[in-house]
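Those protein sequences? They're chains A and B, same order as listed.
Position 233 of the first sequence, counting from 1, maps to 233 under this note's numbering, and the rest follow consecutively.
Heads up: take any position in the second sequence, counting from 1, add 465, and you land on this note's numbering.
Honestly, I wouldn't trust all of these hints.
To be verified - Below, a list of computed lysine-lysine pairs in the DSS-like style, where the Cα atoms sit at most 30 Å apart:
#1 K812/B / K272/A
#2 K849/B / K165/A
#3 K815/B / K154/A
#4 K916/B / K272/A
#5 K272/A / K815/B
#6 K319/A / K669/B
#7 K918/B / K77/A
#8 K272/A / K669/B
#9 K615/B / K669/B
#10 K849/B / K895/B
#11 K918/B / K200/A
#12 K200/A / K777/B
#13 K744/B / K777/B
#14 K812/B / K165/A
#15 K165/A / K916/B
#16 K556/B / K427/A
#17 K777/B / K692/B
#18 K615/B / K272/A
#19 K918/B / K154/A
Simulated from the structure, these hints should not be mistaken for laboratory data.
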Amino acid sequence: MKTGLLFLLLFLAAPLPAAQPAPGLPDYGPDRPLPLPEVMQDHLDNGLELWLLRRPGLPLLSLRLAVRGGTASDPPKRRGISELLADTLASGTRTHDARQIAESLQALGAELEASAGDDGITLAVTGLSEHADSMLDLLAEVVTRPTFPESEVKLAVANKLQALKASENDPDFMTDRVFYRVLFGNHPYRFSHADEAVVKGVTAEALRRLHRRRFQPGRTLLVMVGDLPVQQMRRLAEHAFGGWKAEPEPMAEVPEAPLIPVTTRLQLVNRKGSVQSTLRAGRPLPPASHPDYPALMVANTIFGGSFGSRLTRNIREEKGYTYSPRSSIARLARGGWFSVQASVRNEVTAATLVEIFYELDRLATTEPEEEELRRAQRYLKGIFLLRNETPSSLAATLAAYWLKGLGVKDLRAYVPRIEAVTAGQVKQVAAEYLASRRQAVVITGDRAAVREQLVPFAPLEEATP
Amino acid sequence: MPTRHLPHRLKTLFLLLPLSLLAGAIAAEPEITRFRLENGLTLVVVEDHASPTFGLSVVYGVGFRLEPKGRTGFAHLFEHMMFEGTPSAPKGTFDRVVEGGGGVLNGSTRYDYTNYISTAPVSALEPVLWLEADRMRHLDFSEENLQNQKDVVKEEIRVNVKNRPYGLFFWTDLAALAFDRWENAHDGYGSFGDLDRATVEEVKQFHDTYYVPNNAVIAVVGDVDPKQVRTWVEKYFGTIPPGKVPPRPDVSETPNTAERFLRQTDAHATVPALAVGWKMPPPHSPDYFPLAVTASLLLDGEASLLHQELVKQEQTLLEISGGLNWPLGDALTNGGPSLLVAFGLYKPGKPARYSVGVMQRVIDELARKGPDPRRLEAVKTKMKADFYKTLARSIRRADYLAVTQLLWGDAAMVERYGERIDAVTADDVKRVAARYLTPENRSWIDRQVAKGKGS
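Using the sequences provided together with the hints, build the complete structure.
Here you go:
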């Protein structure tokens, strides 16, 4: 889960006495005020939004361009075509072929990563700030003048089909497909991986049409973070993107996602020969702007969102069932979700499920201890800082906020909102969202090895990815 | 058994000297402050006030290569035990202090070192240093913790190896095929049998032998005052007695003289894969950095020669990745024999051998004609820029400083990486491609799908 950053002049909470039972362990030192870099928010005449931020230090510049409309905005029969659009954007323009683009980026010390998410398509370039103008020109060329050459599209389609085939028996892939379907039913957020039939049907012409419709300066944000004055960033952005013409075409709004899973019956996905069960439990959550999120993030941290969480202590450090259990919260523009995951040896599949449910319900019925609450709050505030440490991670956070419909003010409010969460609120949101009876459950494993154990959780449904 | 508790008289005896005084003429690197304690512990500090945080890496000079024979996976199992508490800070304390300090922590085991890394707002630095010193001094060597972590490590191996398509064969199986010495060839994750046989006594012995100050480097990067860090490190680590680290055995290897090949069947994969490894000279060889550059020319990103030839032109591979000391590290994080690895998924139509032949054709041409000068320049720029991007995170920067100080005896390698890369010429590339990237020095695996899995 991407969070925000340290724009506030803020002080972390008063020092917390470090763990009691270690004689001699020094206390935390005094917390330092955090620096307050300013995001300059601006836009070009064609509507392109600019979020610019100077980060002195290493000679790096990160560009992040986000376009509203991702897989959730794809036509239902072509859901996932956005991914191919992202895959092929840099495969040719009116003036350069794919190899020339790749070689230009290499010479700039940069890479261009394009990806499609539920809410938008994002392009990221990080390189040396001395090459800022070339990086921007190249990004603008790829974004505004791609040609989607036939041969490149054909290869991308063939490779995507082969990649899908390669994922077929990957336990996470199998689990994802069932999990998001059960969480979101027919809502477009059900998408996790494109269907083979959709990929097969993608043509160069279809991508060109989609690009014309989707890529509009008025629905685009350019984030720049790096070692350059913001005025210079603005000039470079104007030079590279100023000539991009708007051809406004309305885009259908994605409806708000449902809050209840399609079913809470346990879904068993058979994977013959599996030596582990891949467990996933979770449910949909409200859109990113919902006021319950700060308390939900604290609840998630206490439950399973950090190494010192209850879930990790229980099923890893006490019972040794699993290596890397975790829970997470994802926020999207029109919904979100909570998920718990653990991969466990076959014999302890049911036992793990019991512990997951136990920890969820414990948090939903009793308030966390004060020390546990404060530790979770300090953790969230600290990693907020750490996750936005580099120009590229900061740019990624900013672009992700924008795509979710959040603004710079939400970033500024992040830490105070986390600090304001009370033990009572944690219990309240846990009761509302995390109680075990509200969770959808998917288990991918060897049916013959685990089915018997799961009888107490009947009725089961067998699902196929 | 020597106890890890310290005789009190030693507490007043340590001395702290700048490393440069001890080591004589080390090139001045004003950004990097180094000290060596009398017990042999080396401290590296870099001030960076960009963010009120720190990155910390504590690195010990032991990894897969030196783990006991008959105990594959032991170095990694031991790493897990370092998080299981001590007589003074019970299990869970470390996580609570770091996370309650707003940070994260981790550890990892590699061929030549094991690292313990953390990053947090600077207010947490002093207690974290105390905890690092505490677990260097002693551990809670309990049967219960050992059994628990054996279970956890087995789940780690299941999730990363036994239950997953390809299961890291391009690391473990390829090394087993290419190398001759047990130290280099054995599976660093370990067999379940060897893990089961590990005892608490062996854990103690390993800690006593390798987890000693004179076999460790600490690096701190961030919003810190080097003098303050030095004071804390003196205070908390200075009283830990040095150990007698056994001399490093000879683990050297020479290039192979005949191709090695293995056909395997993957229990989970639905698409076949191949992995090729060429044995590399040791890090101090003059051929080493030229090989790092050659690896990037061949394998780094979409502009690379093998991507262009195999993914774009021939279209026989779905994707290709790899590099020097890949996938566990890079040129700087290796202290012994290594492989230059290429890994890819191949498509139906042409056998794996065909793609391997194309690879060799590209390499032979490079050895004959040398690289296009523009590509050579571009790839150097890319390597340096990528390195900067990595150093932008203080935890990674601290780790590079600690690892290079340990393996190269010089944390300034981090500063000089760019010079090493820049010094590589087209002739160097020709020479090392011809010398090392040969069919005779090549080991490769054709990893096929099991019957009924593919189509």
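Of the numbered hints stated previously, which ones are contradicted by the structure, given in increasing order? Violated hints: 2, 8, 17; rest satisfied.
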